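Construct all of the structure, not just a fragment, from the sequences and the given hints.
Chains as they are written, first to last, in full-length UniProt numbering: chain G, 1 to 476; chain F, 1 to 476.
Simulated from the structure, these hints should not be mistaken for laboratory data.
A portion of the hints provided could be inaccurate.
Heads up, the list lumps identical chains together, so a pair's fine if it works in one copy or across two of them.
What the hints assert, rightly or not - With a cut-off of at most 30 angstroms between alpha-carbon atoms, the simulated DSSO-like pairs for lysine-lysine come out as follows:
1. Lys182 <-> Lys196
2. Lys70 <-> Lys314
3. Lys70 <-> Lys435
4. Lys177 <-> Lys196
5. Lys106 <-> Lys435
6. Lys142 <-> Lys306
7. Lys100 <-> Lys414
8. Lys435 <-> Lys30
9. Lys326 <-> Lys107
10. Lys333 <-> Lys358
11. Lys59 <-> Lys414
12. Lys263 <-> Lys142
13. Lys177 <-> Lys191
14. Lys11 <-> Lys142
15. Lys361 <-> Lys374
16. Lys435 <-> Lys107
17. Lys435 <-> Lys59
18. Lys100 <-> Lys435
19. Lys335 <-> Lys263
Being a predicted model, the structure only gives us computed values, none of them experimental.
Chain by chain, the residues run as shown.
Number of protein chains: 2
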Amino acid sequence: MTQYTIAQLLKQTAPQDVEIKGWVRTFRAKRFIALNDGSTLNNIQCVVDFENTPEDVLKRITTGAAVHIKGELIESQGQGQTVEIAVTSIVILGDSDPEKYPIQPKKHSFEFLRENAHLRTRTNTFSAVMRLRSTLSFAVHKYFNDNGFYYMHTPIVTGSDAEGAGEMFRVSALDPKNPPLKDDGSVDYSKDFFGKETNLTVSGQLEAETYAMSLGKVYTFGPTFRAENSNTSRHLAEFWMIEPEVAFMDLAGNMDLAEDFMKSVITYVLEHNSEDLEFLDQRLFDEEKTKPQAERSEMRLIDKLKFVTENNFKRVSYTEAIDILKNSKPNKKKKFNYIIEEWGVDLQSEHERFLVEKHFKCPVILFDYPADIKAFYMRLNEDGKTVRAMDILFPGIGEIVGGSQREERLDVLKEKMAALNIPEEELWWYLDLRKYGTAVHSGFGLGFERLVMFATGMGNIKDVIPFPRTPQNAEF
Amino acid sequence: MTQYTIAQLLKQTAPQDVEIKGWVRTFRAKRFIALNDGSTLNNIQCVVDFENTPEDVLKRITTGAAVHIKGELIESQGQGQTVEIAVTSIVILGDSDPEKYPIQPKKHSFEFLRENAHLRTRTNTFSAVMRLRSTLSFAVHKYFNDNGFYYMHTPIVTGSDAEGAGEMFRVSALDPKNPPLKDDGSVDYSKDFFGKETNLTVSGQLEAETYAMSLGKVYTFGPTFRAENSNTSRHLAEFWMIEPEVAFMDLAGNMDLAEDFMKSVITYVLEHNSEDLEFLDQRLFDEEKTKPQAERSEMRLIDKLKFVTENNFKRVSYTEAIDILKNSKPNKKKKFNYIIEEWGVDLQSEHERFLVEKHFKCPVILFDYPADIKAFYMRLNEDGKTVRAMDILFPGIGEIVGGSQREERLDVLKEKMAALNIPEEELWWYLDLRKYGTAVHSGFGLGFERLVMFATGMGNIKDVIPFPRTPQNAEF
Chain G
1 MTQYTIAQLL KQTAPQDVEI KGWVRTFRAK RFIALNDGST LNNIQCVVDF ENTPEDVLKR
61 ITTGAAVHIK GELIESQGQG QTVEIAVTSI VILGDSDPEK YPIQPKKHSF EFLRENAHLR
121 TRTNTFSAVM RLRSTLSFAV HKYFNDNGFY YMHTPIVTGS DAEGAGEMFR VSALDPKNPP
181 LKDDGSVDYS KDFFGKETNL TVSGQLEAET YAMSLGKVYT FGPTFRAENS NTSRHLAEFW
241 MIEPEVAFMD LAGNMDLAED FMKSVITYVL EHNSEDLEFL DQRLFDEEKT KPQAERSEMR
301 LIDKLKFVTE NNFKRVSYTE AIDILKNSKP NKKKKFNYII EEWGVDLQSE HERFLVEKHF
361 KCPVILFDYP ADIKAFYMRL NEDGKTVRAM DILFPGIGEI VGGSQREERL DVLKEKMAAL
421 NIPEEELWWY LDLRKYGTAV HSGFGLGFER LVMFATGMGN IKDVIPFPRT PQNAEF
Chain F
1 MTQYTIAQLL KQTAPQDVEI KGWVRTFRAK RFIALNDGST LNNIQCVVDF ENTPEDVLKR
61 ITTGAAVHIK GELIESQGQG QTVEIAVTSI VILGDSDPEK YPIQPKKHSF EFLRENAHLR
121 TRTNTFSAVM RLRSTLSFAV HKYFNDNGFY YMHTPIVTGS DAEGAGEMFR VSALDPKNPP
181 LKDDGSVDYS KDFFGKETNL TVSGQLEAET YAMSLGKVYT FGPTFRAENS NTSRHLAEFW
241 MIEPEVAFMD LAGNMDLAED FMKSVITYVL EHNSEDLEFL DQRLFDEEKT KPQAERSEMR
301 LIDKLKFVTE NNFKRVSYTE AIDILKNSKP NKKKKFNYII EEWGVDLQSE HERFLVEKHF
361 KCPVILFDYP ADIKAFYMRL NEDGKTVRAM DILFPGIGEI VGGSQREERL DVLKEKMAAL
421 NIPEEELWWY LDLRKYGTAV HSGFGLGFER LVMFATGMGN IKDVIPFPRT PQNAEF
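Structural data, given as structure tokens:
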């Protein structure tokens, strides 16, 4: 007798003797167990011969219980499945008290399930989301591996806070109550574990550049952190980031890479997780129906994914985009919360979504942003006021990718750092890349959870990572 | 004219017009550039027509300089390569001052290169090591993906310090000089970012168990941390760990999985990185020659890898191993630093290596360890004194994998926690797994850097991770 997973079992031909272990999702009419083992969204129906099963066993077949079933795989009598198991033996491995088990066979709110994040993958929605997250991760690694990139692990604990991408968390092993102090009263970090003040990384990009300038094509995929007190549906204090970095590649190549990458990983999940996607597509559709017409999405989930894989991304300079926005209806009628008046302002999510969803009706890559609103390491254009930055905007989500060609000229980079008071000693190694064999190079960053939100249609970023870290919450 | 990487170029047929960008490794006789772009260990030879190249360009062709070369790919005249490029045009993209460039075309000490970790992948050894590290990472993901496992990202910042696997780093956003205090004078972490005291994770296992008990087969692959002040060649404060966890799998299944996994990922690098491995094999062989005969390894690197893939791992109980060690020559002759006298002691690296290298001459899995020397979550055997733990021992390195069947019985687990003063409130969610649908489950942990050390033959763990974090060091 072979022990299969349910995913395998559902593809077997009947009849044959089988055994299976899993968890009871529902048990109805003392007869029909819907059994799940996580290998697929689908349950297998196990038909219990209740007349010949002791009452005390039947009582223990409750939602959440772990069971070991032996029986015959047969063609299903009922609708909704092709095969089912005629149970000949059932052993209860682990009980689940129906009075206490938090995951009842009914609809729970996402808020409630967040408080039970250790159990929420026992629901269809969260098992589908986390399977998709896993597939997306693999698609990321596969894409880069297939295209000659090397995966590198950039450090999590960092002694440099130069990038300035956001507020950082301090990492320390000093006595928190009585830290050693210097003569001037400040904390003496030379006595700390690393001999200096250290923080959790906000980005692996600068380190990734060092490897791009030797190995050619590299990428990071690791956790990054922001100590920002924003408790929104789009922010996490701890999230995973993907950052490719490529030597000898300019901004146009960077756009090509990002577009190809995004299309490739989304195609991969469309091909490999159709059941989970169809379930999430329906879930989102049902949820949208409860909203007022005006707030509903025009596209269903799978349509939105195909919209990305099947359309060329429209490339538009920031300057063009500002013109479009300035002359747009919502701007003239003051429907935007932030009215666009002049060149140089940062775009808000409402502007990005207008460009993607209303104006161009396709994914958009904005490029050549004003230098003043972008990071110090971005390549200054010949106009002296814009940098070779790019942002990719997606329907429903706005910015999903941010990248740039990097400033490869030592003198220009030093000037920029000086203007922003970034000490050269902090980034001596980063400057070395411009001293020894510098060259054009580019890369981008993608917040992985944004991608998972897009691919699953989930509206809250807390629901696409196993155990979210947010202000006031580090449970589990 | 197609722009190839050097890896691609070396497989092209001559003659054809080509262009290439890369960094000069050496330039000799004003004629022969050894050019590298990181895509392979191998350089491509570019032959400069020095009589028709301006002297000021020739002068700038220095080690480390970035260049853009056009020319004709031709069959090589010289030895050591099949094709080379007859250069028709060379543009210097980025200079490299030969007086200042730290990476000279000579042998540098690993200590020196550690101080220049941002440039060390410009050497053969470190580019080979980091390419192998990347391939191994991909092999890990591929193995689990091919075998129906889901990748999960367990949290890095954790509010629980229950596992007790080692000293932890504190993560905080409080003012380090004047943290808010409670009435009793202790730090008031309720005012900190997460509303409680938080640390960097030492393991994702407990969280992985929550997903195994719903999705069936899962694994983590992420950074973990130890704030231990041990500055050795085998310890890092920040390292990457792989932790699979499988529902309905017992200790025997766990051993099968670990053996199959280790063989699979090592086979993968043998098949995909032969050039890098051959280089590292020779490097290690040369290094070993400088050692006294008695300290030299009996096997070359590639032989050692094949030794793992081609031999069944010998499974031996801790009790048997103690008997073997007690009666061994080095124990009787008091050659061990730690003499084995009685059942119950923890094994040292010298004992592990004796078992693998001298006694069994194959990889060894020790299992059923004394409960007292293992973690609280390991499944207690019926004898009441051993637990279903396993360690895998490898030649040259000792313990490389540690795992166990997990205690699935609520009452036994609670007793164990009580005995170790682990409060139940800390791990309420972990206990929930035993309350609702508990079942036999198992998993193991593998320090990724140990695997990279084994696969590359590098002797210091600081040399197999891009930017090592160790006591007094968080540079870059």
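Going through the hints against the structure:
no., hint, result
1, Lys182 <-> Lys196, "both (13 angstroms within a copy, 28 angstroms between copies)"
2, Lys70 <-> Lys314, "neither (56 angstroms within a copy, 33 angstroms between copies)"
3, Lys70 <-> Lys435, "between (69 angstroms within a copy, 24 angstroms between copies)"
4, Lys177 <-> Lys196, "both (18 angstroms within a copy, 15 angstroms between copies)"
5, Lys106 <-> Lys435, "between (63 angstroms within a copy, 20 angstroms between copies)"
6, Lys142 <-> Lys306, "both (20 angstroms within a copy, 26 angstroms between copies)"
7, Lys100 <-> Lys414, "between (63 angstroms within a copy, 19 angstroms between copies)"
8, Lys435 <-> Lys30, "between (76 angstroms within a copy, 23 angstroms between copies)"
9, Lys326 <-> Lys107, "neither (45 angstroms within a copy, 61 angstroms between copies)"
10, Lys333 <-> Lys358, "within (15 angstroms within a copy, 83 angstroms between copies)"
11, Lys59 <-> Lys414, "between (74 angstroms within a copy, 26 angstroms between copies)"
12, Lys263 <-> Lys142, "both (13 angstroms within a copy, 21 angstroms between copies)"
13, Lys177 <-> Lys191, "both (15 angstroms within a copy, 14 angstroms between copies)"
14, Lys11 <-> Lys142, "both (26 angstroms within a copy, 23 angstroms between copies)"
15, Lys361 <-> Lys374, "within (26 angstroms within a copy, 59 angstroms between copies)"
16, Lys435 <-> Lys107, "between (60 angstroms within a copy, 22 angstroms between copies)"
17, Lys435 <-> Lys59, "between (75 angstroms within a copy, 16 angstroms between copies)"
18, Lys100 <-> Lys435, "between (65 angstroms within a copy, 9 angstroms between copies)"
19, Lys335 <-> Lys263, "neither (33 angstroms within a copy, 62 angstroms between copies)"
Of the numbered hints listed earlier, those contradicted by the structure are 2, 9, 19.
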